[in-house]
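Based on the provided sequences and hints, a complete structural model is requested.
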Amino acid sequence: MNDKTYSLYAVIVAVIVLSVCAVMAVHVSVSYVTMKNRVVEDTRARAESTLASLQKNIAGFMESFAANEYEKLILTEMDFPDFHAIVVEDYNLGSILGMNAYVTGKIRDDAWRPIDYDRDNPNHRHVVKDCVQKSIQPILSSSGQQIGSVTVCVFGHSLQMALRDVVVTQGINAAAIALLLIMTLFYTLHRIVLKPVSKIARTLTMVDPDGIPRASVTVRGPREISSLSSSVNAMIEAIRNSRRELMEQHEKLREERNRFQLAVQGSQDGLWDWNPVTGEVFFSDQWQAMIGYAPGEIGNTFAEWSNRIHPDDLTRAVEAVNAHLNGETELYEVRHRMACKNGAWKWILARGKALFDDQGKPIRVVGFHTDVTREVEHQEELSEARRQAEQASQAKSEFLASMSHELRTPLNAILGFSQLLKYDPKNPLTPAQLDHVESIIMGGEHLLELVNEILDLARIEAKQEPMSLEDVDAYAVIAESVALSAPLAKSKNITIEDRGGEGSSPVLRTDRKRFKQILLNLLSNAIKYNHAGGTVTVSSEEMDQGYLRVRVSDTGRGIAPQDFNKVFHLFQRLGEDPAIAHEGTGIGLTVTKLLVERMAGRVDFESELGKGSTFWFELPLASNHEAVIWADTLRIGVDAIDKDHQGIVVLMNKASHRDIDETDMDGLVRQLLDHARQHFRREEAVMRVCHFPDLESHRAIHQDLTRQIEALETQWRQTHDLAIVNDIRELLRTLWIGHVMRDDVKISAYAEGKSHEILKALKGLA
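Note that the sequence shown covers residues 1 to 766 in our numbering.
Calculated directly from the structure, the hints in this document are not laboratory data.
Just to be clear, a hint being listed does not mean it is correct.
[Unchecked claim] Only pairs whose alpha carbons sit at most 30 Å apart, straight line, appear in this in silico BS3-like list of lysine-lysine:
#1 Lys134 <-> Lys72
#2 Lys252 <-> Lys353
#3 Lys763 <-> Lys746
#4 Lys760 <-> Lys643
#5 Lys490 <-> Lys516
#6 Lys763 <-> Lys643
#7 Lys490 <-> Lys513
#8 Lys611 <-> Lys643
#9 Lys516 <-> Lys492
#10 Lys513 <-> Lys643
#11 Lys611 <-> Lys490
#12 Lys566 <-> Lys513
#13 Lys56 <-> Lys129
#14 Lys643 <-> Lys516
#15 Lys492 <-> Lys643
#16 Lys566 <-> Lys643
#17 Lys490 <-> Lys643
#18 Lys129 <-> Lys72
#19 Lys492 <-> Lys422
#20 Lys36 <-> Lys129
Written out as structure tokens, the structure reads:
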């Protein structure tokens, strides 16, 4: 900040002088321009008049070859001082003398006296050629033929003299008026403004030891000065009152500080107080004890903190500090490991807030360290348990797929031979044998259905089920599914009502086969869990978010509230009717949920015990460009990475729904952070064994994306503001379009033929 001060007197004098001088300068300039325009106009008029006179009078003399006569006329016109030269060309006389034209005239010499014009003198020719203002008129004979010309050159001598007089006269007048105005204005301002203000300033300089003026201001003057005096007195009184209140608050603060110290000691958190200007840091005794040091063993510098941070966490921790000091975050919060005195590492949750000066520079940062080692270890145990569960699920899917393939072959043989026995005309069965064979066929068909659904489930869970995307007429598929379900409904005396909708059919961008499979699963369940004479209703509705919601409602027994969370679990059957349990496999709804989510949708239900259930699912319309459906065209060719990318697609689609609530956000944020960390570790492991050349740049991108996700997770924990979902959508778009589709696609070229090495590297992450 500039410490130079300026005198109010000097400022006012400078302003008055500059203002008056500016006004006078404008006045002189206007007078100068006006006089110049007038003289120029007079000169122009005189030149035109002279030309007209010479043109008229010289013609007769030229016809009579009286050159002496028109030379006298020229000399007479040269009495006007602004004429620099008058030159006449006589074609008649020139023809007699054997030349193109006889040239004569007058021109002024350096003393401004008229002399004869010499056409052979280069200076004379130059003056006539380059003069500022020149007019030429032809001279015509009585018959109208041009017999010569006259040229008048104007210099502006009168203009110079007149303008010189204007400048001198107006300058003297302006200086006199300016001096008078300056003295008058300064005297007036001095009496009205400067003198009262100076008195106020002197009063304010007489202060007590606390810097408060001893006396009130007593100044009389204009209304504004009196108002200023009153305001100053009010300010002085307010300062005195504030001093009294400050003394009272000082005592209260002392008590609050004592309570705060007790609270900090009780919380077991370590307090730190950093001065970014001096670099000094205060570490409380508890802060030092948290990492095994006695009070006073740790110095008071920033390096005492940074040198103890784990190398893998240092960059992230320092960036979090800088982001807060730059005003990018409301609070400073980061988790990192710190070295203890005994060499062990502790996980620390560091939180703080900065105090900024008027220029936005941090002058103080205060915060706490909390030991979260047990919490982090618990989270790691949960992550490991989740990973093992995923591995177990993968192993289960592979086992089920393998066993299902092994079972389907003998089952088909059993069914085939049973049907041959039933329909063999040469060896008809007895009624008892026929009943046994039909039981075999019924049981075999049910078991084959179960095996097929297990195979379907295994492929979907292993993310190996391809999707064939096309534009699908929703009403047509609904009608087709209703028609296919009609025989089953008729056998149970159940009516199916198709209320697909009116008008043009919505168009979905989806897999037609899987869309129909979802509908058939829900229709089959609605029929199975209905009662005789009941109704199944199919309806659809376009949602505002670019999705089509399809509902399948029944009038069955409904679902008990305590069973809601089991509905989509594997091998869960609704109801307790043994006949219904025999018909179902407990897999259909699980497959339905997986398929809907694979196709960028979601599924849910409402049910009331004794009245029935409504299962609904949403799939994106073809006009919805935010939803992303995984297809073979999105694969990069590395199975492990492709499976992770499918998980990113699922998260993108979850975030795209506009009616997301807090429960959804909790799950979305947690899944996003866990999935990103796991995916980045797996991807970097693959790139390492494939000798991918851009590994370091990829790692930097991963670290930056992880920091952004962690910041969003922290922001959500602190605020629970649902608007954060917009930032998550944008981040997922950046991750998908800016990283996966641009950078990850390059990995496949280096992974070819290295499946064994990749599998080994991924197992090594366990």
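Each hint tested on the structure:
Among the hinted pairs, Lys134 with Lys72 is consistent with the structure: their alpha-carbon atoms are about 21 Å apart, no more than 30 Å. With a CA separation close to 23 Å, the supplied pair Lys252 and Lys353 stays within the 30 Å bound. For the hint linking Lys763 to Lys746, the alpha-carbon distance of about 23 Å falls within 30 Å, and the restraint holds. Of the pairs offered as hints, the one joining Lys760 and Lys643 holds, with about 17 Å between alpha carbons and a cut-off of 30 Å not exceeded.
Simply put, Lys490 and Lys516 have alpha-carbon atoms about 20 Å apart, close enough for the 30 Å limit, and the pair holds. Our distance criterion of 30 Å between C-alpha atoms is met by Lys763 and Lys643, whose separation comes to about 15 Å. Taking the CA atoms of Lys490 and Lys513, the gap is near 24 Å; set against the 30 Å cutoff, the hint holds. For the hint linking Lys611 to Lys643, the alpha-carbon distance of about 41 Å lies beyond 30 Å, and the restraint is violated.
Proximity of Lys516 to Lys492 is assessed by CA-CA distance (about 22 Å); at most 30 Å being required, the pair is judged to hold. Proposed proximity of Lys513 and Lys643 is supported: the alpha carbons are some 22 Å apart, at most 30 Å. Proximity of Lys611 to Lys490 is assessed by CA-CA distance (about 21 Å); at most 30 Å being required, the pair is judged to hold. Distance restraint check for Lys566 and Lys513: the Cα-Cα separation of roughly 27 Å lies within the 30 Å cut-off, and the hinted pair is therefore satisfied.
This hinted pair checks out: Lys56 and Lys129 have alpha carbons roughly 24 Å apart, not beyond 30 Å. The suggested pairing of Lys643 with Lys516 holds, with an alpha-carbon distance near 25 Å, which does not exceed 30 Å. Annotation: proposed proximity of Lys492 to Lys643 is violated, straight-line Cα distance about 42 Å (limit 30 Å). For the hint pairing Lys566 with Lys643, the CA-to-CA distance comes to about 26 Å; that is within 30 Å, so the pair holds.
A C-alpha spacing of about 42 Å is found between Lys490 and Lys643, which places the hinted pair above 30 Å, so the restraint is violated. With a C-alpha separation of about 23 Å, the suggested pair Lys129 and Lys72 falls inside the 30 Å cut-off, and the hint holds. As the CA atoms of Lys492 and Lys422 are separated by approximately 26 Å, the hinted pair is consistent with the 30 Å bound. Restraint check for Lys36 and Lys129: the C-alpha separation of about 24 Å stays at or below 30 Å, so the hint holds.
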